[in-house]
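J.: The lines below spell out each chain.
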Amino acid sequence: MFRNIKTMRPEAMIGTEQYRSYIESFESELLRGISTLSTLSIISRHPEEGIYGYQLLKELQEETQKMLVIEEGTLYPILRKLERDGLLSSEKRHSGGRPRKYYKLTEEGVKLYDHMSGFFSKLLEAIASLMEIEVKLPEKHFIYCPNCANKIDVTDEEYRFCNICGLNIEGLAK
Amino acid sequence: MSNIKEQETLVKEFKEQVVKKLPIWIKTNPTEQKDVLDELESHIWDKAEELAQGGTITSMHVREAVALMGSPRKIAKEYRRRGTPKFYITEELFPWYYKSVIIITSVIIFGNLLTMAFTFGGDNTAWQVVGEFFAGTASGIVFGFVGVSLLFIQLSMNGFLPEDLKKIAEQKGTFGIKAEKPKTKIPDAKLAEVERRAEKKARKKGILESQGSYIFMGVLAITGGFFLLLYPIATLPTLVDYINLDPNVRTELIAALVYWLRLMGALILAQGVFRFGQALAGKNRIIHQVMMVLHIAAICLSIPLVLQLQYNPDIIITTLQALFSGADIVLYITIGSWIIAGLHLLDAFRELTKVIRLEVVGFSQKG
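Just so you know, the sequences run in chain order G and A. So my numbering is basically just the index in the first sequence, starting at one, shifted up by 59. So my numbering is basically just the index in the second sequence, starting at one, shifted up by 732.
Looking at chain A on its own, in the form it has when it is part of the complex:
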């Protein structure tokens, strides 16, 4: 190996070792990585020149210059030293960490609600299903929280900053990213105006409805819910009264129907209250999100209730079979309840995407 080639190999090997240890945020940016390596290489040749004291640079000089650079691990470690320490996660990454925890928690709750919806009517009692829901949600949140925390601790230790995550996200094109807040301080009045406009824009773009819509939906659902809760169905003639059955059986059917209607009424009432809460939330994103998550929970709880129509004949099947003896009531109720449950599920999913979009893109992103 010629002397020059050997020298170049020494520098190349050093650069390769540095590259291996560099944090991912540099590795994923070829320009930045080249910049880092070029600077180190230039320094090595300068140092070798100095060590040669005006003479010809030899491999020994280059080897010494490389040794004086310090270990590649130490150099790479310095590149990782970015961000302001705050607990174990840097201050810069904290908003992303917080968002990730919210998203993971929402997904876990939604997933467990979904599982609960489909386990209703099986061998387990309602209490067992609800118990499993809470146990599943709690353990899921704990695992999710630990997982996300470990991930962000690792990112912080590698000197990741939000801009690196944004670059990666933009490269992959998977996220809509909220525009970075300007560094200069904006007067409070101006900030309030900006927030008001952003909120208006978010409503316009479909993440949020207008305040009037929320009031309308809220009032409608609260009225409907109260009606089902308080209307004295049990004391008035219902369709059950028109069937020719034993009075004891009729009483049981009425009781089952009234119980079902009241439960449904309570859930509709709750949805109305949450919608009304959104009408009052104004530009408070967190309140909007909390109300939306509670709304999703109410929707998801109504899914097993609708599916109960299939599994508990006392609610409606027996009555309808007595009224329309020739019709395949079970089939109609099965199809009908699955369609309604599906629509509820879609509604919950749509609402969940809104919660996540609000969290990730805020008010300031196109909807």
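This is chain G alone, in the form it adopts within the complex:
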């Protein structure tokens, strides 16, 4: 939030240290999970070739109109943690004249990402009215498991059961 503010009057609320630290702490808490989810989302778009850190940040900034900003250096600890947790795999390759580490979602990472993004989407939909916003989920393409909120691609005809909780999802697609 503060990164996007270009000017402020010194006597405005944002000028006080107490206000800034409170909001910064709130943003940091809120963005922690969202940053991880958004990172996974960008990586999921590169299932074959993978994506390296710098490219990932660029895409993230473009997609979110620079609203979601991850401090550049702190992206790599996040990627490393996700790799350690088994959601990502990495491969070192040379491109553009320098060594780069390309990240891809693992099979387990894909499942976890679907579940996490499904949950987040349903959560957004649920709190939308509280925030006085509208959220329209792409329910033509996906169904959200009523039991665990897993996001399931309805175009995949093989799916008869939710692969997270095992609920029979036949006939749920709109």
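Hints listed in this document are in silico derivations from the structure and should not be mistaken for laboratory results. Among the hints, a few may not be true.
[To be verified] Straight-line alpha carbon distances no greater than 20 Å define the calculated PhoX-like cross-link-like pairs of lysine-lysine that follow:
hint, chain 1, residue 1, chain 2, residue 2
1, A, Lys-766, G, Lys-140
2, G, Lys-140, A, Lys-898
3, A, Lys-737, A, Lys-759
[Claimed, not checked] Chain A is faced by these chain G residues, among others (derived, beta-carbon under 8 Å):
hint, residue
4, Tyr-113
5, Glu-130
6, Glu-131
7, Gly-132
8, Ile-137
9, Lys-140
10, Pro-158
11, Arg-159
C-beta atoms are modelled at their ideal positions from N, C-alpha and C, and glycine is treated no differently.
Once you have looked at the hints, place chain A on chain G.
T.: The following block gives chain A in isolation, referenced to the frame of chain G:
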């Protein structure tokens, strides 16, 4: 300084600052550290290239790219953010914390028992010695507990995980480490079978005796202990009856000997009960350990009792001196009691190593 050299120096300085702040678990792994730094460096050059907008990269671009990376402290802090918070110690480190507390507590108890054994017979009374034992043990446990807790809080704050500790331990080659449990869920029946086999293996490899041995040792010690406790030595003729002494003195000698034998009988009985408890413990590691620690306590308590033979002539020295007037009984008793005390000490130490091995390597490690 040429432009390129200056740019490289800027990147190098940034990397050095990051290294300074990195947690030890990365610093102790050169490959991991290089990997982290290479990734950051690659990012800086990419960013500088972007800032140069297709032109030549200048030091100003590199400086700006470095600034956009964020502070080295913040980057390093993110690397420390590992593990699942549970109180102040991460969930992953909790089993290690628990093991460390058990080991430290065992060592403190053993150390204090040892000190107690060697202070018996000095200027202090038995009650003072026992009091000092409890005070020393309690304060030792408190300090040990606080020390271990602070250490593990610090490790948790630095993002240490058991695998990092294992790596360090393996590098130093000081610990035998228990194999990590498989992540996939094992059916209960299969798990029980694995545990049963592991327990059998631990017995085979010498950490634990067989159930039959524990029953035998238990029964033997309980019988022996009861014999010394209940046998009416006081009313039957003993070797004291064969010495030519004043009847009052003889009565005192008999009373001292009987008292000593009963105390020894109680300790032997207790050891038997603990051994019997181990026979019933099966594959319950905690019960085994508790029984073994209690057994160590009983062994250690018997050390001062044996050394009492030197310091209290009424128990046996006076009687033997009257029987064998020419022999240096004090010397023999001194040597004999020290040998027995030494053997007891070795036995206690052996048992303590078993408790620690069971705690550190569990049933699943070679003995």
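J.: It remains to establish, for every hint, whether it holds in the given structure.
T.: Verification of the hints:
{"no.": "1", "hint": "A/Lys-766 / G/Lys-140", "in the structure": "holds (17 Å)"}
{"no.": "2", "hint": "G/Lys-140 / A/Lys-898", "in the structure": "holds (19 Å)"}
{"no.": "3", "hint": "A/Lys-737 / A/Lys-759", "in the structure": "violated (26 Å)"}
{"no.": "4", "hint": "Tyr-113", "in the structure": "holds (4 Å)"}
{"no.": "5", "hint": "Glu-130", "in the structure": "holds (4 Å)"}
{"no.": "6", "hint": "Glu-131", "in the structure": "holds (5 Å)"}
{"no.": "7", "hint": "Gly-132", "in the structure": "holds (4 Å)"}
{"no.": "8", "hint": "Ile-137", "in the structure": "holds (7 Å)"}
{"no.": "9", "hint": "Lys-140", "in the structure": "holds (7 Å)"}
{"no.": "10", "hint": "Pro-158", "in the structure": "holds (6 Å)"}
{"no.": "11", "hint": "Arg-159", "in the structure": "holds (6 Å)"}
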